[in-house]
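Residue numbers (my numbering), protein chains in the order written: chain S, 305 to 521; chain Z, 308 to 553.
Note that these hints are calculated values from the structure, not bench results. Ideal Cβ placement from N, Cα and C applies to all residues, glycine included. Errors might be hidden in some of the hints.
[As the list claims (entries may be wrong)] Derived SDA-like pairs (lysine to any residue); straight-line CA-CA distance at most 25 Å:
{"#": "1", "chain 1": "Z", "residue 1": "K405", "chain 2": "S", "residue 2": "L513"}
{"#": "2", "chain 1": "Z", "residue 1": "K405", "chain 2": "S", "residue 2": "G420"}
{"#": "3", "chain 1": "Z", "residue 1": "K370", "chain 2": "Z", "residue 2": "N386"}
{"#": "4", "chain 1": "Z", "residue 1": "K428", "chain 2": "Z", "residue 2": "E494"}
{"#": "5", "chain 1": "S", "residue 1": "K419", "chain 2": "Z", "residue 2": "D326"}
[Stated by the list, open to error] Which bits of chain Z does chain S cover? Going by a derived footprint, with three or more residues having C-beta under 8 Å, they are:
{"#": "6", "stretch": "387-396"}
{"#": "7", "stretch": "408-418"}
{"#": "8", "stretch": "424-434"}
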Amino acid sequence: MGEFFSIFTGSFDVFMEGLWLTLRLSVVSLLIAIVIGLFFAMLKISRIKVLEIIADLYIWIVRGTPLIVQIFILFYGLAEIWLIPEFWAASIGLAFHSGAYIAEIIRGAIQSITKGQTEAARSLGMNRSLTMRRIVLPQAFRRAVPSLGNQFIIGIKDSSLASFIGLQELFGVSNTMGSNSFNYLPYFFTVAIYYLLIVLILTIAVNQLEKKLAVSD
Amino acid sequence: MTEPREMIRVEKLNKSFGDLHVLYDIDLKVNESDVVVLIGASGSGKSTLLRCLNFLEFKDDGKIIIEGEQVEADTHDLNKVRQKVGMVFQHFNLFPHKTVLGNVIEAPIQVKGLSKKEAIKEGKRLLDKVGLGDKYDVYPSRLSGGQKQRVAIARALAMQPDIMLFDEPTSALDPELVGEVLETMKELGEEGMTMVVVTHEMGFAREVGDWVVYMNEGRIVEEGKPDQIFDQPKEERTKAFLDSIL
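Here chain S stands alone, though its shape is the one from the complex:
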């Protein structure tokens, strides 16, 4: 226990760097994922067959292949045509992946808003995009917050896969330090604690947001 404690405190600075990278990867990839998710959710509800098929195809490919394969294809595969930096290969790979799940979450939330809301807005002279932006999406977003929070947690943990293309984010740091010291276990415990803390903070934040959005209930 004493050994673990000294490893935990002794590795603090290195892990902080890893944490910083993990946070940057997560935030960047999730922001891109939200844009991708919104875009494909719109395609899915567009009622235009070819757009729906494009969205289905995207979701099928993402859900049908492991994330690590997607990241490797982006980083090693595309490197033959275009050398993409590790950070961006990982961010885009993660965003591409989360985007599919977020698209489904948003689509479900939009479709859960009753038709009466759209009709009321249209009857006031609001056009389709105004109705979507001002009436449907704000309500859908509220309903999607718990699922989105869940997806963000998954996204943060998935960012550990970025270590496989050489990024020294949290998991990469623990792996490197473990192999340098031939003593993996304390470092894996250490990194687990960091992830638990991030997820705890995010969970609390999502709960707070839910409470704040519940004022109209």
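Take the given structure of chain S and dock chain Z to it, following the hints.
Frame of chain S; chain Z shown alone:
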């Protein structure tokens, strides 16, 4: 006397949902300041007819003429048309994420481009008018059904429509809350608003209506002044319907 201005004219309107033919050759005329009440059993097509008038449903064929202009879904900007034709729904359809005042000022700001200040001033005036002057900042979930429906009426009025459509506005209300909504509608009618009302409230139809239209199975069976329809219906089917509900 000058000829009354014609606000709505419907000619030979037909509408089907798939194989189900719900409106047959409907002809209807609504003059300015008239309160026209559509009555009939559930499924008689009256709500569908109302929804065709602001293009929430599209007719199959026939003409819909709003304020002298024949409106076609593919050539007209329906958003413009809908600004002139307000609608109140059975289930209120208030925006739950916006306050009472937020519901009322949304479209005037976003659609008409009113400044927030102007919209709030007008919104408050309308809410005062429907008796909700103390509820500006409340969310709809805190209101009774009757209050919700009055907010919905104020919201529609905020667009300064020339015509108001009411689709069974009291059918979702507890009996004790029906009166306050009908009272608001009555005042509106007395102020000269042109109204088309689908309702099962025969007292309202008789008292406030200028013209009553009885529909059955997608057809207009009989229409006339309230006294004539309620006291001396010509058609057997009208008689049978009135006997069944009164």
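Against the structure, the hints come out as follows:
1. K405/Z <-> L513/S: holds, 17 Å
2. K405/Z <-> G420/S: holds, 15 Å
3. K370/Z <-> N386/Z: OK: K370/Z and N386/Z at ~18 Å, within 25 Å.
4. K428/Z <-> E494/Z: holds, 21 Å
5. K419/S <-> D326/Z: Holds: K419/S and D326/Z sit about 23 Å apart, inside 25 Å.
6. 387-396: Since three or more residues must qualify, the claim that chain S covers the stretch 387-396 of chain Z holds, with 7 doing so at under 8 Å.
7. 408-418: holds (count 4)
8. 424-434: The restraint on the stretch 424-434 of chain Z is violated, since only 0 of its residues have a Cβ under 8 Å from chain S and three are required.
The structure does not agree with numbered hint 8 stated previously, though it agrees with all others.
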